[in-house]
Amino acid sequence: MAATLRPGSSHIAFGAFPNVFRPTVIGGQALFQCSKIEATGSVTLIGSQPAAGWALGFIQVEWVDTNWLFYRGRHNDHGSIFFQRSRPPTRPIKACRDVKAATHIYYEFGGSPPTVAAGDTFPKKLTVHHFDKPGDSAKAVIRNSLTGQDNFIREAQLEFLFCAVLSARDPAGNFHHLKSFYWNVRWQARFLPHDFAAPLGGWFVTPIAAGEGSARSHVIEGEPTDKRFKDILTDTSVSGCNAIIPLYSPPPDGVLPVGNPGRRESNVWKDFDVRV
Amino acid sequence: MIAGSAVIAITLSHAAALEAAIAEVRNLAQPGAFAIESSSPSGASFERQGRIEQQTSGGWETVFDEFYLVKNCGAVATLPACVTLAPGAVLRPVPWTGYTCYGQCPRPCKGNVYRPPGTFRLVLTACGEGVRVVGAPFFMGSRAKQ
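Sequence order for the protein chains is C and D.
Residue numbers for the first sequence follow our numbering, so the first one is 1 and each next one is one higher.
Residue numbers for the second sequence follow our numbering, so the first one is 1 and each next one is one higher.
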């Protein structure tokens, strides 16, 4: 008899809850940060050897991403700039899996996932920890190419919506999604430098209450059925979430260059449509 | 086979000698903080970003590859491809925080893992011959983190 998953033995225990921090501007960078989220997943295998190769891990997907920045000059004729960082081509896909390389399936925390070894006896409990602390940053001051004037970050909205799935992988490489939970972090705020002549100094930051917060669902039983991401859980052709970040935040300074479709400029203060 | 080993040994020996000749990486009291000192009379030049490796059962694994040779993060955007240290000069870069993504200077991150506890080391690459300068292993422990 080969090893199998003991029915009803999988668990997810929550640790730290992710709280968003009020955005800040430090050293010329607007920062969007939060505290860590932690969870621990486990499952018990029963049966007998040969069972080497069973593994347990979390698969995390980011299935919605909102990310736009609005800058404007000190005066109307200094212009304004809008960066759309979550639509093609700056984010070519809607959902991505949170992995180091697209060929990886499991979220990586502290090395390889726990596995069953050839000498293990049964019942065998596998336990895996999950941890994340997402965040973002953006230059606070950017030169408007139409006016030649500095534009200052004025408003931004960022929303990262995730689902983490506890999943066991059998020796044949098949994944068995056991439990899952949704979680998200959201920031929206308006910015204004204390002194336009000294943007490396202090800034007024006014959060927009409806756009700021975080949430975590209860634990959901069984295989995810959410059509917005269920097909990418083990699809290695989908880019990793961190791997596509340079498309909206290219090195060396994270600023989309003039001409990139994600960057729109005006020679006056303008209201841009954040939806496209 | 013997000849091959000898060649490898010579290569390693040559690399080690070069490594010792160009710079020294010292671990400071705060885990993740380093002092890089040029030990060559002609100075030393490194690729602008090094990497942090963790000791695992499978060997040394890269866990952070954006360790910039900067004293402050505001300088990253203008950092040249090679950072040159004058003879005897000491560079104390912004320390590594232990994270795999936002590990040193602000940057966007989705997956962002705190990697310690564990044993780590800083690895730099010299410009030109590509010689690696490997810092001594250091331990970074679990700590209260937000």
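Do not take every clue at face value.
[Stated by the list, open to error] Label pairs and their calculated CB-CB ranges:
no., chain 1, residue 1, chain 2, residue 2, range
1, C, Ala215, D, Arg132, 21 to 27 Å
2, D, Gln30, C, Phe21, 22 to 28 Å
3, C, Ala209, D, Gly141, 46 to 52 Å
4, D, Gly58, C, Ala215, 33 to 39 Å
5, D, Glu61, C, Phe272, 40 to 46 Å
Source of the hints: derived by calculation from the structure; they are not laboratory data.
These numbers come from a predicted model, not from an experiment.
Quick reminder that beta carbons are idealized off the backbone N, C-alpha and C, glycines included.
- Task: Provide an ascending list of the numbers of those earlier hints which the structure does not satisfy.
- Result: Violated hints (numbers, rising): 1 and 3; every other hint is consistent with the structure.
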